[in-house]
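Protein chains: 2
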Amino acid sequence: MRPVSLSIPIDRESPIPIFEQIAAELRARIMSGAIAAGAQLPPTRAFALQLGVSRSTMVTAYDQLVAEGYISGRRGAGFAVENIGDVSLPSASRAREVVEPVARLLLPFRPGEPDMRLFPHRAWGQAVSRICRRVPEAMLGAAPRFGLPALRHAIAQHVADWRGLEVDPAQIIVTSGASDALELCLRVFCRQGDFAAIEDPGYRPLREFIAAQGLTPEYLAVGAQGAELPLQAKIAVLTPSQHFPLGGSMTPQRRHAFLRWAQQNDGWVIEDDYDSEFRFSGRPIPALASLDGQGRTIYVGSFSKIFSNSLRIGYAVVPPELQQRFADVQRRFGMRASLMPQAPLAEFMQTGEFYRHLRRVRRTYDQRRQFLTDALRRDFSDVGTFDDHQAGMQIAFHLKNGLRDTQVAEQAAKAQVEVESLSAYCAEDRGYNGLLMGFCAFDEEEMAQALTRLRAVFDQL
Amino acid sequence: MRPVSLSIPIDRESPIPIFEQIAAELRARIMSGAIAAGAQLPPTRAFALQLGVSRSTMVTAYDQLVAEGYISGRRGAGFAVENIGDVSLPSASRAREVVEPVARLLLPFRPGEPDMRLFPHRAWGQAVSRICRRVPEAMLGAAPRFGLPALRHAIAQHVADWRGLEVDPAQIIVTSGASDALELCLRVFCRQGDFAAIEDPGYRPLREFIAAQGLTPEYLAVGAQGAELPLQAKIAVLTPSQHFPLGGSMTPQRRHAFLRWAQQNDGWVIEDDYDSEFRFSGRPIPALASLDGQGRTIYVGSFSKIFSNSLRIGYAVVPPELQQRFADVQRRFGMRASLMPQAPLAEFMQTGEFYRHLRRVRRTYDQRRQFLTDALRRDFSDVGTFDDHQAGMQIAFHLKNGLRDTQVAEQAAKAQVEVESLSAYCAEDRGYNGLLMGFCAFDEEEMAQALTRLRAVFDQL
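The listed protein sequences correspond, in order, to chains A and B. Each residue of the first sequence is one higher than the one before, starting from 1 at the first, in our numbering. Each residue of the second sequence is one higher than the one before, starting from 462 at the first, in our numbering.
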């Protein structure tokens, strides 16, 4: 069958990204029947040329429609329109008034944000609807202590497959995001006035939790091997797989040094493994917890980066002998995680939809990382340097020539470019002076535009 | 049309309550077509007699099926089977393996629990499915600061209609349950070492939050007028509509005294209005916040009691001039509430389904309260007394004749009866010695069985 011939209007001034304009137009025509089920779509290269967009934009648009279930196929072999007889069209206009969609306000290069435009909303909606019909009480019934058993099973499988952690589902505690898990750990292990060691620079809410609990922070400098060992604290919160926000992983030597430290000092390591699923080349680095034979490490994971931040689902993996202590604290303070996302998420993981999505965004984010790092090397080498760790969701771009990161960030914000200053992530003066640039939530077109504006900011400083 | 003739096997030894056995059997026959659409069901009184169950059990079973949409009608006029051609039957047996429903482990008389068996699961599932189809990004997109606008609108409407509070939706902050809102308030107003005043007896997690934040609790004794005024603290957390756990409301004089105290001392009142929608007779008592013309009261509400505890959705209503302070704290500590329940909940409220459910459970809970208070007056007056406040979700039953509440609670637990001891809700020795008995999550049959066992406990002490 010859591919259908299509003309799609593109508005380059629109705030809607071009790939989304293309996907929206194709989606509308498929749903209205204007493009019939079974029709072949034009190949990405030819279609991109015809519309005057980059090929990667075209690929992203097709990938989006594949994820949503409107088309099937793959690059090279061609894409065809699915039979979508069962799609429910939006019925009432009133409906749209009742719940308006949330406006997208992200600016490039906000760090740590996934691109929810790539999310398989239709497949997720179907999973949620299936649960609603089949086991509605799993979404609203009594919330079981530590989370829905099905989700705890799926997470145990996930950390075994992806992080080399062989654990019993009974060791999993479902929390309201990783930050809830980190706060829970601090409450279990620390009393008023205790020291708690955290990396500096590091994840800022941790400093707030520590201050709010009346603990004294011990800041660990981060060198080429990773964070330094604590001298006073009995608890250390670390990001060994990929340091936040600098990037780079802790060396095996330092990992073992931390495990020895914990063992010899009756200490505890909290491993905050916030986005380690995003490693774009080489072998995955096993979790520090997987090296620990002494039950001194609490592993904390999150779905905020790899799935959706607004679900508010994270988890802690707790050594068996600590389960009672965690249960006591959780009972005293109350459960924070909503039950509602847990059953659909478990099903999404168990049916493999979750992993299809994860593989897809990994591929896309890798392309975006490549695009950003190429551009930084090509057009920004006079103002800064960076290490490409081929992992994570952001680049720490270190400024040179006396440029001040806070000043650059401030000027960039005026030009609608969001770069966070590295120095803002430090509690003490560490000499870090750079920009944290997220590359996941923005496509190449958006980043290109933002880079042009950022270049102008540098040229005017 | 003559009512169909039905025989339903009832297992009185089963842990499944009888009304649910009846509802399950009718539901299965309706779904299989064994009872046809349009068929009249037997009248409650005759059917109850035939099956040998109480009429209220029968009414609860029918009400359940009405809420789920399987039958329609009302007591007196008769009930008929709906056309359920569009019901999706559970398709694969595999599906049930993926997500098992959560087991019901509640024992009478656990306090503060709604009866999720009465929940309109089918209508809720349909609302969720509609959102999934129409605006899927409203469930998983970027979480807006302070919560989904549609839900904040619905909550503003709710507190206006139910609590006499005229507020702008911009003043609403959606939180992960009321406890998250209370913790947020403490973080906004208190620094390490400050006093925070809370009622004693009172809601126990508050004591934990206060200790965990390095604050000093000032315990307010609770008398006939309500809580006493603080002497040292600048912040007081109160339950004026219905004291927790004693019951009873704060007098207007004391309410005004608290507002004057706040105004004259630069103090703040946090009004924890956790279940005030459950007032079964007389006029609703307006929120304390509705009397406050000075912006000194933060109103905290929750969906945990009136809807579902496992959604984890509550809210704070913040005076306009404090919004920035709350926003700052929320940004520093991070958002806890999941976005996913917010759009369906907003729609449920706006379409009125929410209020149909609320009116229905109010009626049922009122019957259950009546049943429990009648039984306590009739069969337990030798061992204790209580005030019937005709509100709330539990009865504080004060023991007499030298009985010790902790001992009774312990023995009751052995007999599979869950009564919490009032003294456990006190931080200081206040002379409270009683049992907290929840009546909402249990039907009359369940309570009758539990009361028989509780009576035996008293007889053996």
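These are computed hints drawn from the structure, not numbers from a lab. There could be a bad hint or two in this list.
What the hints assert, rightly or not - Here are the computed lysine to any residue pairs in the SDA-like style, where the Cα-Cα straight-line distance is at most 25 Å:
| hint | chain 1 | residue 1 | chain 2 | residue 2 |
| --- | --- | --- | --- | --- |
| 1 | A | K234 | A | D328 |
| 2 | A | K234 | B | A672 |
| 3 | B | K875 | A | D328 |
| 4 | A | K414 | B | R792 |
| 5 | B | K695 | A | G193 |
| 6 | B | K695 | A | F333 |
| 7 | A | K234 | B | Q831 |
| 8 | B | K875 | A | R332 |
| 9 | B | K875 | A | K414 |
| 10 | A | K414 | B | A672 |
Stated by the list, open to error - Derived DEER-like restraints, expressed as beta-carbon distance ranges:
| hint | chain 1 | residue 1 | chain 2 | residue 2 | range |
| --- | --- | --- | --- | --- | --- |
| 11 | B | Q784 | A | A211 | 20 to 30 Å |
| 12 | A | D429 | B | A672 | 27 to 37 Å |
| 13 | B | Q877 | A | P320 | 50 to 60 Å |
| 14 | B | D629 | A | E166 | 46 to 56 Å |
| 15 | A | Q263 | B | D840 | 57 to 67 Å |
| 16 | B | A621 | A | A257 | 25 to 35 Å |
| 17 | B | A489 | A | R45 | 28 to 38 Å |
Think of the CB as a built atom: it goes at the ideal place given N, C-alpha and C, for glycine as much as any other residue.
Quick rundown of the hints versus the structure:
1. K234/A <-> D328/A: 20 Å, holds
2. K234/A <-> A672/B: Holds, because 21 Å separates the two Cα atoms, which is no more than 25 Å.
3. K875/B <-> D328/A: Roughly 21 Å separates the two Cα atoms, so the pair holds.
4. K414/A <-> R792/B: This hinted pair holds, its Cα atoms lying about 21 Å apart.
5. K695/B <-> G193/A: 24 Å, holds
6. K695/B <-> F333/A: Cα-Cα ~23 Å, so holds.
7. K234/A <-> Q831/B: Roughly 55 Å separates the two Cα atoms, so the pair is violated.
8. K875/B <-> R332/A: Satisfied, since the Cα-Cα distance of roughly 23 Å is no more than 25 Å.
9. K875/B <-> K414/A: 67 Å, violated
10. K414/A <-> A672/B: 43 Å, violated
11. Q784/B <-> A211/A: 20 to 30 Å: 23 Å, holds
12. D429/A <-> A672/B: 27 to 37 Å: For D429/A and A672/B the Cβ distance comes to about 34 Å; the hint holds.
13. Q877/B <-> P320/A: 50 to 60 Å: 29 Å, violated
14. D629/B <-> E166/A: 46 to 56 Å: 53 Å, holds
15. Q263/A <-> D840/B: 57 to 67 Å: Since Q263/A and D840/B have Cβ atoms about 60 Å apart, the given range 57 to 67 Å holds.
16. A621/B <-> A257/A: 25 to 35 Å: 60 Å, violated
17. A489/B <-> R45/A: 28 to 38 Å: 56 Å, violated
When held up to the earlier numbered hints, the structure conflicts with 7, 9, 10, 13, 16, 17 and fits the remainder.
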